[in-house]
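Chemist: Okay, here's what each chain looks like letter by letter:
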Amino acid sequence: MADPIISVRDLVVSYGGRRVLDGVNLDIQQGEVLALLGGSGSGKSTMLRHIIGLERPDSGRICVQGVDINNCSARELKALRRDMGVSFQGSALFSSMTVEENVQLPLRELTSLADPVIEIMTYIKLAAVGLGDAGKLFPQELSGGMKKRAAVARATALDPEILIFDEPSAGLDPIVAAELDELILFLKRAFHMTVLIVTHEMASAFRIADRVAMLYKGSLIAVEDKESFRASNDPRIRQFLDRIPERIAESESVQRRIRELAGVTGATE
Amino acid sequence: MNVLEVIGRGVVQQLAYVGGLTTQFWSGLTAVPRVLPLVGRRGRWSAAIRQMCAIGVDALPMVAIVSACGGFILAIQSASELSQFGAMQLVIDIVVIAFTRELGPLLTAIVVSGRSGSAFSAEIGTMVVTEEIDALRTMAIDPIELVLTPKYLASMVVVPCLTIMSSAFAILAGAGFMYLSRNMTLPIFLRYAAQAVVLRDIVMGLLKSVVFATIIAQVGCMEGFRVSGGPEAVGKSATSAVVKSTFLVIFADLFITTMFYLLGSK
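Same order as they appear, the protein sequences are chains A and B. Position 39 of the first sequence, counting from 1, maps to 39 under the numbering used here, and the rest follow consecutively. Position 248 of the second sequence, counting from 1, maps to 1248 under the numbering used here, and the rest follow consecutively.
Honestly, I wouldn't trust all of these hints.
Pairwise CB distance ranges (calculated) [said to hold, decoys possible]: (1) A:Ser253 <-> B:Ile1250: 47 to 57 Å; (2) A:Leu113 <-> B:Val1039: 18 to 28 Å; (3) A:Gln29 <-> B:Gly1010: 44 to 54 Å.
Stretch by stretch, here's where chain B covers chain A in the computed footprint (C-beta under 8 Å, at least three residues) [as the list claims (entries may be wrong)]: (4) 103-111; (5) 132-144.
Since the hints were made in silico from the structure, they are not lab data. Backbone N, C-alpha and C fix where the C-beta goes; we use that ideal spot for every residue, glycine too.
Given the sequences, and given the hints that come with them, work out the whole structure.
Modeler: See the structure below:
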């Protein structure tokens, strides 16, 4: 197999003494779509923030295109970031700029293209996500789905090799979420991008992903293609797939605490 | 032991804050050439101009009124004492000297920190909460250069200008007072005032205003970048931007005034 485009080795992250990620290993191959699944608090957003180099891990290595992102020169990091497009959960469009200016920003900042070229490129990017005539609007004037699509247009402005999505379908109705899935598939086919999606939406993950990785309490418990993932017998995965609720109120610790509060600790034990 | 621990943690936190502020100040300062017209990156200078309007032009009415009131108050207060000695012309000297050296820069700094320092931290804090700052970093764009430096440069240009206006309005208010109380006409007042103005005082006032502008812009932005959590943290950051910058402005004022006093007495 070829060298992975993103490789995570023994990633350990803790916040305030609590281990959020505990020795995670993950390889993402060029041109594949990988969905990183996990429940709330499983550490998937943390992992994403480390892969895009926003935070430093306690230990472990993250290599993107063979370069260690926590141990490289500013110039290398800049080049890497040009090759990564990130679409954030809340879309993170700059509210003081129009949609057009949002998409233009990376082009103006990181290239020396002439203004007319930038304008054409902006229109192409916006048209590709179906927002060709929304360029003059401000982010506040867009619906949730349009914002996400505008964020995708901005993330793809510099034709990145890697496209990263944080919860693309969060807060969207099923139809708009499905449209966004189609958009991601279209981008992957059209530009041969490597796509990493962090999500807890099973339907969306199975629709677009080639492989699925699942985080559970800070560890990766599965990295496999989606058919074998769906057929998995691991109870933790089954719980996630079959939407079995955690019986919080019946757990041992809750019961014990209730007995303590009722002052019957000694009587029952 | 416990007390020592608390003190130690407090000191370390304060040192970390000062360290962060220094690093940010330095990266903000080194990015200034990229914001200047002609030599800078495109779009930056126009951002700085917009900031200048927001920080300076829009604050002018408030600075003018506050300073005029301040000048008038100072004139009344000193007149009530000085008239006992028949030394009413000294009122002019007091207003002129106090404002060029001290009150002009200080009142301006307080107005700007309340209007713009809080706005800086609220704007940047909101950008942090909505992940816009993270988005900039992932796009390989330096948030300091794009967001902070235009504000910093604009403050450095505009706050000294406002300070000059502040002193001018206070002195005019002093003229108003002298006219009302002693029927002194404006030309005569201005002649006395011109005698009282010394270049050294003006330089001192302008130096102070540049230092205050630096403090307000850097502390305001720092508080914004430090926001973590939700929207209520943005509100807190705006408050603490005003509190911290006002405190530091007065502290810096004390320092600069002492320096000039010591240098002047030799």
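Chemist: Does each hint fit the structure? Answer for all of them.
Modeler: Verification of the supplied hints:
1. A:Ser253 <-> B:Ile1250: 47 to 57 Å: The hinted range 47 to 57 Å holds for Ser253 of chain A and Ile1250 of chain B, with Cβ atoms some 53 Å apart.
2. A:Leu113 <-> B:Val1039: 18 to 28 Å: holds, 20 Å
3. A:Gln29 <-> B:Gly1010: 44 to 54 Å: holds, 50 Å
4. 103-111: Holds: 5 residues of the region 103-111 of chain A have a Cβ under 8 Å from chain B.
5. 132-144: violated (count 0)
The structure is inconsistent with hint 5 alone, although it conforms to all the rest.
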